[in-house]
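Order-wise, the sequence lines are chains C and U.
In this text, residue positions in the first sequence follow my numbering: the first is 355, and each later residue adds one.
In this text, residue positions in the second sequence follow my numbering: the first is 1132, and each later residue adds one.
Think of the hints as simulated: they come from the structure by calculation, not from any bench.
A virtual CB, placed ideally from N, CA and C, is assigned to each residue, including glycine.
Keep in mind that a hint or two might mislead.
[What the hints assert, rightly or not] Partial selection, computed: residues in chain U whose CB lies under 7 Å from chain C:
1. Phe1188
2. Gln1194
3. Thr1196
[Said to hold, decoys possible] Not everything, but these chain U residues come out facing chain C in the computed CB check (under 7 Å):
4. Pro1142
5. Asn1143
6. His1165
7. Val1186
8. Pro1187
9. Val1191
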Amino acid sequence: MESPSPSPLKAARLPLRFDPAGLQADLEAVGGGEWTAHFNTQFFEGDWSGIGLRVAEDAANPMYAGTHHQNFADAARLRDSTHLRAVVESFHCPLRSVRLLKLAAGSSIREHRDYDLGYDAGEVRIHVPVVTNPDVEFFLDNRRIVMGEGECWYLDLNLPHRVHNRGSTDRVHLVIDCQLNDWLQGLIARGTPEHGEESGFELFRRLVLRDASLQERLIAPTGRDAFVRLAVETGEEQGFRFTAGDVEAAIQAARRSWLERWIA
Amino acid sequence: MVGKVDRVSIPNLHGWMPSRILRNLAEPVVEWCHFGGRRFTEPFFDHTVQQAMQVPFNLVFRQQTPLDALVEWQAASPGLSPDGFIFHMSRCGSTLVSQMLAALPSHIALSEAPPVDAILRMDQRGASEQQRIAWLRGFMSAAGQPRNGESRLFVKLDAWHTFDLPLLRRAFPDTPWIFLHRNPVEVMVSALKAPGAHLVPGLLGVEVPGIDPAAAVHMPQAEYCARVLAAVCSAGIQHLTAHGGRAVDYDELPSAVVSGIATHFGLKLASSEIERMNAVTAFHAKSPSFYFEPDSAGKQGEASAEVRELTARLLDPLYTKLKALTA
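Kindly produce the complete structure, drawing on both the sequences and the hints.
Dropping the structure here:
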């Protein structure tokens, strides 16, 4: 394989499509007891769990993507799931971990980056939504990407990202970790780049920067919690849709960029 | 860029402070921070900005504009023009001077504001002298908005800006200025304890007159330090002779601030104001929580043989000239 050229892509819908009904039938066959809570408990609120379909042989937790592991093996659940297996088998590249990840209704994953992945490093994570709903908000680099059931997505998860399932049904994605080869490079190159929509908070932010009276109002709180409450309340009054989590994510990103200001 | 000013559209920047300039981006930008009525009372510009950044609003609602917004904002909302510049050889009481000036509510005192340095260094990005002058005027005007009815603006520069004195004079020909100096052994001892950015070769990207950058890297630290201080003093002497600033020695502080410097900067101070300014001197200017103690004797005692030799050779002759220029 040629050395991968840097991919400026943030997200792309790949030219592969799967029948959501079949994938959902496989999902229904999964027993409730098979789901394991995600080990990364600091990074989510609510219920985030998964099933390892292809797991690192020596991993203690089947949810662990095991980016440092070498040997992966298909689990029984993958062998029993015709439609999920067909998706996995359509990837003509070396596969690492394969998981079903479930973000329950009302749950959210805080903004973070997955530093162990990267197009440049030859490690790419592919998402195939199995079941989702219109009120799932997935933000990548502060822009909302809407992924439909049965679609296949390349995402640069080195970038900050967060998810909030505001809907009343669970969101389950099939997540496939791939090693980049010529076939996958070609697939990504033929994908449709998606730039996403700005968050409601970003639109509100721009209004505030134009409006001195809103500035005066929002500058008053010195504490973080009071500021977040006031921002959400003011946003609602002005007709913007965003949550405390969105404001928290903006504060977190701003603090990080402020602390990193001396790093050229 | 200056020629395009009329096409730049700026937001209402009332209450906003140009807090830093990011000059390494493809298009350099000014970052603005909401200051409201905040005053520059901390020893350095950046300390005050950091205080402002503790307010959650300022983290999330920073805004960025092109540099030319400084020029446009000056046209829309002209602020104060500098009433006095403080140039100095570093570690010689310049922060005490700016802190005493900042003690009066009618004064704005900017101390080593990084945006000034960023604008001066824009020559490295191909900015002409005219552009830099326009941005400097715009920055001073924006920083010198009377947010609480202030009427005077004083600016303490970085030590190495003595090299940029001609440009600053062209930008602000009517602004009186001083060059502050101190017994060089004491400056050397203080500088070597915690070297400023200009005393580390190559760190600032400033060309030091008379020092070959390639040789600088191999120079012992004390020698480099002495040579930079010598270059700063030489520039000070050269411009004092040509442009009529006022030389002030550390030994004249703090009383010179309320007498000679005040007069030079056109201030007529009431006795209550003098009292207020003198109250600052009870504290160490850079760390206001420590009481100020004269430390000349201590610093003299700490000087190594190397420091004494370098000082005698490279700095003492210049110090003698500066003393002669000190009225």
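Going through the hints against the structure:
1. Phe1188: Check passed: Cβ of U/Phe1188 comes within 4 Å of chain C, closer than 7 Å.
2. Gln1194: 5 Å, holds
3. Thr1196: 10 Å, violated
4. Pro1142: 6 Å, holds
5. Asn1143: This interface hint holds because 6 Å falls under the 7 Å limit.
6. His1165: For U/His1165, the interface hint holds, since the closest Cβ of chain C sits about 6 Å away, which is under 7 Å.
7. Val1186: With a minimum Cβ separation of about 6 Å from chain C (threshold 7 Å), the hint on U/Val1186 holds.
8. Pro1187: 4 Å, holds
9. Val1191: 5 Å, holds
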